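Given chain A, work out where chains B, C and D should sit, using these hints.
Listed below are the residues making up each chain.
Protein chains: 4
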Amino acid sequence: MNGRAPIPVGILGATGTVGQRFIQLLENHPWFYVDEVMASDQSAGKNYVEAVGPRWKLTTRIPEKVAKLKVRGSGDPLRSPVLFSSLDASVAGELEHHYASHGHLVSSNSRNHRLDPFVPLVIPEVNRDHIELIGRQSFSKDNGRGGILTNPNCSTIVMVMALAPLHRAFGVKSVIVTTFQATSGAGYPGVSSLDILGNVVPYIPGEEPKMELETNKILGKLGEHGIESAGITVSASCHRVPVLDGHLMAVSVKLRREATLEQVLAAVKGFRPLQDLPLPSAPAEPIQVRDEDDRPQPRLDVDRSSGMGVTIGRVRECPVLDWKFEALGHNTIRGAAGAAILNAEILAHIGRI
Amino acid sequence: MNGRAPIPVGILGATGTVGQRFIQLLENHPWFYVDEVMASDQSAGKNYVEAVGPRWKLTTRIPEKVAKLKVRGSGDPLRSPVLFSSLDASVAGELEHHYASHGHLVSSNSRNHRLDPFVPLVIPEVNRDHIELIGRQSFSKDNGRGGILTNPNCSTIVMVMALAPLHRAFGVKSVIVTTFQATSGAGYPGVSSLDILGNVVPYIPGEEPKMELETNKILGKLGEHGIESAGITVSASCHRVPVLDGHLMAVSVKLRREATLEQVLAAVKGFRPLQDLPLPSAPAEPIQVRDEDDRPQPRLDVDRSSGMGVTIGRVRECPVLDWKFEALGHNTIRGAAGAAILNAEILAHIGRI
Amino acid sequence: MNGRAPIPVGILGATGTVGQRFIQLLENHPWFYVDEVMASDQSAGKNYVEAVGPRWKLTTRIPEKVAKLKVRGSGDPLRSPVLFSSLDASVAGELEHHYASHGHLVSSNSRNHRLDPFVPLVIPEVNRDHIELIGRQSFSKDNGRGGILTNPNCSTIVMVMALAPLHRAFGVKSVIVTTFQATSGAGYPGVSSLDILGNVVPYIPGEEPKMELETNKILGKLGEHGIESAGITVSASCHRVPVLDGHLMAVSVKLRREATLEQVLAAVKGFRPLQDLPLPSAPAEPIQVRDEDDRPQPRLDVDRSSGMGVTIGRVRECPVLDWKFEALGHNTIRGAAGAAILNAEILAHIGRI
Amino acid sequence: MNGRAPIPVGILGATGTVGQRFIQLLENHPWFYVDEVMASDQSAGKNYVEAVGPRWKLTTRIPEKVAKLKVRGSGDPLRSPVLFSSLDASVAGELEHHYASHGHLVSSNSRNHRLDPFVPLVIPEVNRDHIELIGRQSFSKDNGRGGILTNPNCSTIVMVMALAPLHRAFGVKSVIVTTFQATSGAGYPGVSSLDILGNVVPYIPGEEPKMELETNKILGKLGEHGIESAGITVSASCHRVPVLDGHLMAVSVKLRREATLEQVLAAVKGFRPLQDLPLPSAPAEPIQVRDEDDRPQPRLDVDRSSGMGVTIGRVRECPVLDWKFEALGHNTIRGAAGAAILNAEILAHIGRI
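Residue numbers (numbering that gives the first Met the number 0), protein chains in the order written: chain A, 0 to 352; chain B, 0 to 352; chain C, 0 to 352; chain D, 0 to 352.
So here's chain A without its partners, still in its complex pose (with noise of 0.2 Å):
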């Protein structure tokens, strides 16, 4: 990218929770910048600022070349060759199809397109090799430079990268997993502080399946056909807890090939996929192991390498299974825009966008 002019991108649902993110973490970004926003058809036609009102809920202002750009509304006509989407479920399905047919490259944090056969579920730490995918798309006909990938869900993303250091070495062959999500999650107005003050609510509508049918995308491999299941038996159990950033979790796993605690560590700490590439997004230091008995936890660690940053703990003996330890991460960083704009990144590192 060094020397290349910045290229514009559009936000997709620009209002909402994921969507102020984006914005927030394009602010500065040496490679992209915000050029258009697109909502709902309640905001078209008025300035980002006045578009989003008090719903801004982030602790950095409105970037003011952002706040002044006029929200599109659905379906309007884009210029950028990028677009980011966090659409809501109930429309991102079409319009990020759309967009892919009129040539534009859309990295989306909405689940619709996620288990697609030609679709990417891309975490470039992971599984880079499957943005391939893309090329299989009919939107890359003819040399169409449209396409769509897509980023987990924000409790899959941050198991996968604490699962995929073993499965690479030992193999992973079940997982039970049971989360402690952030509230942030369900964006906003989202959780109603009556369900959640002093409370735990042991359920989160369609989380569960996506932690077990995403990580079996993730971890499969490229094949002819597509991606072939990794073969993981999961078991998530998922509840919202009252905080306000970070998926924590207690992740055991059995794996296919013995290990000792030292190679375990070792497999972990040893994680440095993205090393030689200069994407700006990417965190130094993926996963950070934490020795103390009583990390990670969401106040103290959800922040670091810029949210990006997976942290782990308590890796430790499980009697039932092999291993057991707990994962945490930023669900809207690195969960959810934090992972669609490394996503873009990768593709702009390799020439694709």
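In short, the hints are calculated from the structure, not lab data. Mixed in with the good hints there might be a few duds.
Intra- or inter-copy, both count: the list cannot distinguish identical chains.
[What the hints assert, rightly or not] No more than 25 Å apart at the CA atoms, straight line, and that leaves these computed lysine-lysine pairs for DSS-like:
1) K268 / K45
2) K253 / K268
3) K172 / K253
4) K172 / K209
5) K253 / K209
6) K209 / K69
Keep in mind it's a predicted model, so treat the numbers as computed, not measured.
Structure of chains B, C and D alone, referenced to chain A:
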């Protein structure tokens, strides 16, 4: 107990969080009344109301009679046949032994003697036959009335209540449990607000081994040489969450014998082991099964059956083990003071008191 | 009421947060029973239990009889002489008028008619003589039984309860009040967790003028031309805090006549205006004064007298005005559903129902 | 300071909550570097990282150089010319005096010397002329370099920052303030979670008199005989709320001279008293005025200007006094460590260090 005069009881560690619960739960108790309170030496000699001062953190007021009781110091002679103990572990071992050897029946919530071979670790609904062990304690020789009886740790008790009907019907082979524990479990002042506001702490010192060891004693069989371990492999991951009262846990279970969902639910719903015993604190429905997707929740369900009931929900297949579910119980009532009182009630019922 | 048959009542807006409280508080009420429930048209025709679904957020379960009631739609004919209303302000004005003109006595918690000149805004302990205004409503002509009676806003009622004995004894000239309001006051879903977890929001739309205007009507004098304002200058600053139930407020007061601390305390402690009336929901001690430095606190004191009592504390000199103190009351019981029920009880007592 | 070598500083009370903030804020400070750390005797002799252990509660890690510093004990000889003190009040009085008399300039956040007649209580934006008082301290005789300088209490400082421009322009006659204070203000472990989860505590020991007394010293005039009180009547009601960082307060003010809203806003917005001084920690905009109805909020606004800015909002007429508004500041940065550092910066700037 019908027709018997009310039995005077003493509270050891009366000013602490659990000590306060004993006093609250015994107000208006039909069989017992609080006649003596013992606390640390800096409280000794004061009236209870002065000794506890602003540390009284319950929403009901101190019963008038208890407020005026003069606090006894460590090891002071007491006259009540039954002593409820919530002494700090640093002194409980010795003091409980002292009082038992002076002829008192000590129903203890402290951890010190729980794993002693001749000390019963009892949940009346689960293993009341273990009470017989008291007779093998040295305190009982020559018709001595003294003895020590314990109840389990607050998270163990919730889990074991839920496991007991499954173990009885199908045998439990292994369990993976992840807890969401309330801060009242750590006493007062206990957990600092700086640690837990908007946060989760993935560690509670000593808690995981307790869940693993106590479970096997409670579900174990009483034999000639004491309790034979139940042989269940337990893997626990314990967490503190910003909830005041109520330990919630996600439990996955592997059974020894196959069962259908109907059989599992029938076993749990049919669990009424105390229904013919007129124990004042025994809940009519010890385990309630909720059908809603998002229950149990601490805020909504913790006080069911005056805090003595365990609520479970989301009973479903675990793709890795066999079954998984959520369980919830009140940690300072069912998991502490209420448990010790129920234990004493059963002793009174069988005439041991 | 002794010897009278129980009176059937209807609930308008029965699925909302306050509607649920009506149903909860009227279970086992000695004078009233819930015979009809009305809600929005998407609920109409369903059984109540289905209509309310997971929005039922109370810790007690839906009373069985109410669960089975078929929900009526907006404006459907009803037969109960008394209707409790917690309708949304967008429809309450018209619907309450409709039912009153069809002969129902509407005891409303909605804000729409509170400041109407002939609608009494009543706290029975404070201004029950205002009830007479009902007779001047057009609904009452020609012996019509219809009418509208309102209770104050949830924060107003707590403050005015505390001010009333001072106003009666010394005259209140001005008040500066800062509130700490619970999230249940905003209904469900109401306040988003993203707005309130670990946060304070220093604004509640419409709340400050309500406290300023309603106070003067309640403490005003009933005259020939309606209520004459009490002429108290009120300056309110309203805040939402992460508390579930209970509005706390810091109040500074300037009196018209001088008073000593003893006189102030005597006025408040001697306030027992309903002690000779056998109203089921009237608290024996409407205002309790706490002596401790750090009370009242929402968590510890909100449920006193089944949520119908107001607790005050820290009564001390205000160096700028005259006196200051803290006041606390339960916002959905004393401040809403319980208030409307108490209002209906007094109507029943005087034979108006 | 340009061109000067960095100045070594020591931290007294280095393991506490404010001590940690000193260390965090001084990492990469352009003028000062932490060369010595002092703590209680049980920490003495250990490396800082061991001494502080799991009590380090900030989201950034301990700077490497500080981690390795050997902790000094109470009263041990130190070599740094500047000492930042966040000693516990039980020892601060004596120890700060000790070090000042040994030639150190002590910039203290502790309360002990704040009201001493010759100890300046300084907010650089407000009363930097008071610094001159140091020269009247006995430590300064015969060209001694020692001295004690203090910053105000964490809630006082936020209020006084907001009052200062009004006082300067119109004279402040009286103030009624109600605070919403974060739990970090009480240190670690400080406020128990059982006291504050879902609760408000309407009392903070010693806080109200501090706000009343310190305000009058800071806004007072330096005269021959020390500081002449500003003569402002202050009535404070202090509350602890479940917020981690950030003291919010509702302030009502009576002015000595009439002012319009425009004049009030102009006075506050034009407040830039340090704009010509190149102090590294001075915020460009010491008071920011927000126009939105619902700001400032701790979660959204506390970190503005790296925690050194005060944010006010809702400026409007008070019907009882003259004006009212909300003010917010970061209690452990602007209200503690950052304040003491800014105080030292101004001493360095004027060559006193």
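task: At 25 Å max between alpha carbons, let me know whether K268 reaches K45 within a copy, between copies, both or neither.
output: neither (48 Å within a copy, 29 Å between copies)
task: Go through the copies and call it for K209 and K69: within, between, both or neither, with a Cα cutoff of 25 Å.
output: Classified as neither: same-chain Cα gap 35 Å, cross-chain 38 Å, threshold 25 Å.
- request: Pop the pair K253 and K209 into one bin, within, between, both or neither, using alpha-carbon distances up to 25 Å.
  value: This pair counts as both: shortest intra-copy Cα distance 20 Å, inter-copy 24 Å.
message: With identical chains, the pair K172 and K253 could be close in the same copy or across copies; at 25 Å between alpha carbons, which is it: within, between, both, or neither?
response: Answer is both; intra-copy 5 Å and inter-copy 17 Å each pass.
- prompt: Are the CA atoms of K253 and K268 at most 25 Å apart within a copy, between copies, both, or neither?
  reply: within (19 Å within a copy, 32 Å between copies)
message: Please sort K172 with K209 into within, between, both or neither, judging by C-alpha distance up to 25 Å.
response: within (18 Å within a copy, 29 Å between copies)
Hints 1 and 6 from the earlier list are contradicted by this structure; the remaining hints agree with it.
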